[in-house]
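Participant: With these hints in hand, go ahead and build the complete structure from the sequences.
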Amino acid sequence: MTSLKRTTVGDPHSTNISSKVFVRSTKSGKVQKIVRELYLRQDIPCSSTLCTLCLSNAPADANGIALEDLRCLCSIPALPFILSDRPAGTKAFPNGHYLVPDTNALLSGMDLFEQTSAFYDVIILQTVLEELRNRSIPLYNRLVGLTKSEEKRFYVFFNDFRLETYVVRDPGETINDRNDRAVRRAVKWYGEHLQQAMKAAGRTKRCPSIVMLSDDKENLQKARKARIEACSLHDYVSGLADADLLLDMINELREGQDARASHGALLYPEYFTKSKMITGVKAGTLHQGLFNVSPYNYLEGSIRVPAFERALVVLGRENMNRAVQGDAVVVEVLPKDQWKAPSSKIIEEEALNRNENADADEQEAVVTEQEQRALVEEAKKTQGKSIERYPQPTARVVGIVKRNWRQYVGHVDTTSVSLSTSEGRRQQTVFLITMDKRIPKIRVRTRQARELLGKRVLVTIDSWDRDSRYPIGHFVRSLGELETKEAETEALLLEHDVQYRPFPKAVLDCLPKEGHDWKVPVNKSELSWKDRRDLRDLLVCSIDPPGCQDIDDALHARLLPNGNVEVGVHIADVTHFVKPDNAMDSEASGRGTTVYLVDKRIDMLPMLLGTDLCSLKPYVERFAFSAIWEMTPDADVVDVIFTKSVIRSREAFSYDQAQRRIDDMSQKDQLTVSMRTLLMLSKKLRKKRMDAGALNLASPEVKVQIENEASDPVDVEVKQQLDTNSLVEEFMLLANISVAGKIYNAFPQTAMLRRHSAPPASNFQELQNQLKVRRGLELRTDSSRALADSLDTCVDPKEPFFNTLVRIMATRCMMSAEYFCSGTQTFSEYRHYGLASEIYTHFTSPIRRYADIVAHRQLAAAINYEQLDSSLHSKGKLEDVCKNINARHRNAQMAARASIEYYVGQALKGRIVEEEGYVMKVFSNGFTVFVPRFGIESLVRLGDLAVPEPEATFDGENYVLKTAGSRTETIVLFEKVVVKISDQKEESTGKRKVRLELVRSGSSL
Amino acid sequence: MPLDTSSYSLALLRLDGRRWNELRRIHAQISTQAAADGSSYLEMGNTKVICTIAGPAEVRRTGGGGSDAEIKVEIDIAGFSGVERKKRTKTDKRVAEMRYTIANAFSSSLLTHLYPRSTIQITLHILSQDGSLLAACLNAATLALIDAGIPMTDYIVACTAGSTSSYSSNDESADPLLDLNSSEEMELPFLTVGTLGAGEKVSVLVMETRAQIGRLEGMLAVGVDGCKQVREILDQVVRRHGKKLVNSIVE
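These protein sequence lines map, in sequence, to chains A and B.
The first sequence begins at 1 in full-length UniProt numbering and counts up one residue at a time.
The second sequence begins at 1 in full-length UniProt numbering and counts up one residue at a time.
Residues of chain B clear of chain A, computed beta-carbon distances all greater than 10 Å:
| id | residue |
| --- | --- |
| 1 | A54 |
| 2 | H113 |
| 3 | L114 |
Which residues of chain A face chain B? A partial, calculated answer using Cβ under 7 Å:
| id | residue |
| --- | --- |
| 4 | Y39 |
| 5 | P59 |
| 6 | V156 |
| 7 | F158 |
| 8 | F161 |
Derived from the structure by calculation, the hints contain no laboratory data.
Each residue gets a CB set at the ideal place from its N, CA and C atoms; glycine is no exception.
Facilitator: Structure follows, in structure tokens:
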């Protein structure tokens, strides 16, 4: 019998093959043992430009073969050497130094590494990178981003693949100890290697030091024993020039951990172990979901889980157990006797816990006395109360699956800062109040508390331990003074995760070289003319809001000899300039949408394209993507074709100008006539759509007038709807629907579509009930048609605005529309509820929406204009794109709204106005009023009515709040009230907000 | 290594520390089972295969068999060979296709007309799987057939080739890869190529994943090049074995 055992002698590979064995558990709970080979090598370069040894055997990629001869001549490695030959020095390392951080240094100081004032020439070890990835994906992504930036000079050294630096885990050694040892080995090797390289090159200059950064005391000690330069992050930063500023950025918890542990007072219950949570969720005894905090009451959270139809309620700080808005949590349903009704009361953190001490060395309780009182009152009320507000399943958080912490914008709580001069620059703990009311106060230790007062600042949460009532975070950077336009705009963009940095060079390189001089080629044999129809002789015009620069769409209409009408919608041909998968495309895909703020536009595509080359400006020739219908005079579509084209717009109208031109019967030129045809057809299209059950919803839209960029807003006006608005809208809808059908037929699995699902009946319950109780009206919601019809009946002859009010409230009950990839849903789910269309997509605004760019590419492929890019064949990729643009779209809307809110506040600054408003919501201790004139909605608390706070009786079944005592008023839902509007700086968020005061209520009107 | 394949561009290193054009370690032995007519044991990295040959033997069936020898392939995948213990059924489509591919490949390289009305039975036992399974089977079978002394025109040698970018990513700098291990096979497009001898005569080409057409040529070129290297290694094994055999006879 022959032995199959491999002999180690004579095998050239035996010294450099190792294997890595590890055990992992899969999602389904199985445990797998993985064995992987490791090929150790000696050609992994150190990447220091000082070293010539490594340069000679630097690796090449596959293209290197073709270039081999050339490569030998000038020896350009495929990966350029990164680390500088003259690295910066500090006091401790006068010869310059390369930094090698270990994992915990990165975990606690990532913000530092992103600084531009220090932290250059950093070696990131593979061991560290992997460990970091296992610990925190966001940090890992940030680090990878850093390694890609050229100026920071971060180099990833694959130490586990290099023979000299590979470390075998000893039996009994923990993986952390092994990794620390690997880091030390690599640091040592680097030092020796560089010295050797310097000697080989015969240089006399002194060799730069290799400095290990670690926060692990044991690791530092061992390093010193092995004569490796090492220091803690804190010590290192202290030696830098702007130490004060940088020190604040170190993640606090690590430093304070030892000190805190001795306190011992644990305020929150411990989380369940991971396995307990997994088994619990599997068995159905625990539930997993996203944690949402009520915007009205910071002590009330809710979680939607599949097992319950309505959201589970989480009440009180203890039950919320350190969960923060957006975290993925696991909850346990409490026994039935502890179920509570969701609050009908407004509770704001600021009002209750105003005077806490941030340093909090004295005993902390989870629930402050004031909070306790608020909760007890609440509980009393729910006990003996009506059937309507029955207690709901209530739960408590038992564990966190994933934290979704991001960076938060806020301001330092003035009261928590000690201002005595003697304390100077001493480090102190302050509270940071975030703009988002759903986020708790964050405890931050800083040396610059006094400078930060009155500034907008960016912070991150580091941890939330059981012994601390509030999460602990650290300060990232200051955005500027509160209430300055720059700081507030940046804050707003950060809060809504809008990417607003200028386009990087790689993106700008993708633009056409001709710049603004780019023109449609005269010669029709040019490649870009291929398969393009010449539509320059058509009378095309565009209609947009005044001052619009990025003109996406233009229209034309002309009579055909057979009595039918030819209607064309021409859309900017953005995909001619934005090719799939280049830098510009990925940037646009990341941004997802252009964001419109009151005074600013954050573009999805560079200006050159958005406002010039793609924009269908008048009097110049432009490439377009056209949809051309033949329609009967009754607006029935006979035929449609899609084609790439060249057009020349004759005029760019604003809605207003177009309306006047159409109305002016003395104008009889061709263009005007065709516009009248379009208007006529659009009215018929609209009628058809309405008959099919499309909804006419309303949202409070106002416009802020600004005289120029620098000045403060002048006035606020409600947006007007003209016939021409709906003219454009109708044809855009038609184009979108036609295109959706076309691309769905061509790519049934991967078409980019948009859907709007029917809202569940439960969403309307509250509104239906309110209408029935207050007005005796019935709202039918069984179909969009029924809803549209019953909305039409919701009128109050005395109150013309009542209908709009109901529509606004109905809009809020709707689901939001979303992009999706056709293969992920069944056809019946494609429906667009609001538009009453079987299928829908976005095609008409490729300059400002990425979804349209995808639709353009798919349509171009569907008409055989070009090959479909492979990335659009993949369902998975498209799903990722959809997920991103859905989120971006939502964020953009919220940012726009927040911007308007800010400017309305600024416009009202110092003014006091009395306006009519309507009661939209009634709570037991306040109500919200909507003021149509300014499109604002705000709370009026009982406490604001009079001093002392009047007593109130709340009739939740009839939505009536009666006050007595210091002031007698009756607040009834839907009723008109008169309010005094003034502005006020909101203490809790630092925003300037309007403040409403009740002047007269319905009863006394 | 837990870093995923996307980290390739950072240092042009693969998950296991190899460069794009490097084979894994190949270890092979001939005549491992004395009882079989021919046998071999082959490791490509952590993929381990035992191959035994029975035949050429007379067909038992009455009136069966044609003018050429029939090649029958049996593949037995051990339950412990993968990461997870899995029982394969006899009718597993994937295994059936591998059997067919192997039989087909060897029926063109073996001089089967020398053995009319007989069968050559190739039995493959897979002890451990870590990617490039079909290639390992083909290589092991070649060695075992040589051991069995069945005349052939040349070695059939095989290896896999892939691409560093998945089908849907339009990465300009996608590199072709040689000899994929199982974690790479899971994520990346790849093909198995087998050549007859060291030339560029491709006799086996199997691809089950989607790859962009522009990358195919590079993948194929790297694969064929890899086959050349594999042939060199197998040839050494055969010659070493031959020398030992001759020595033992002379002594």
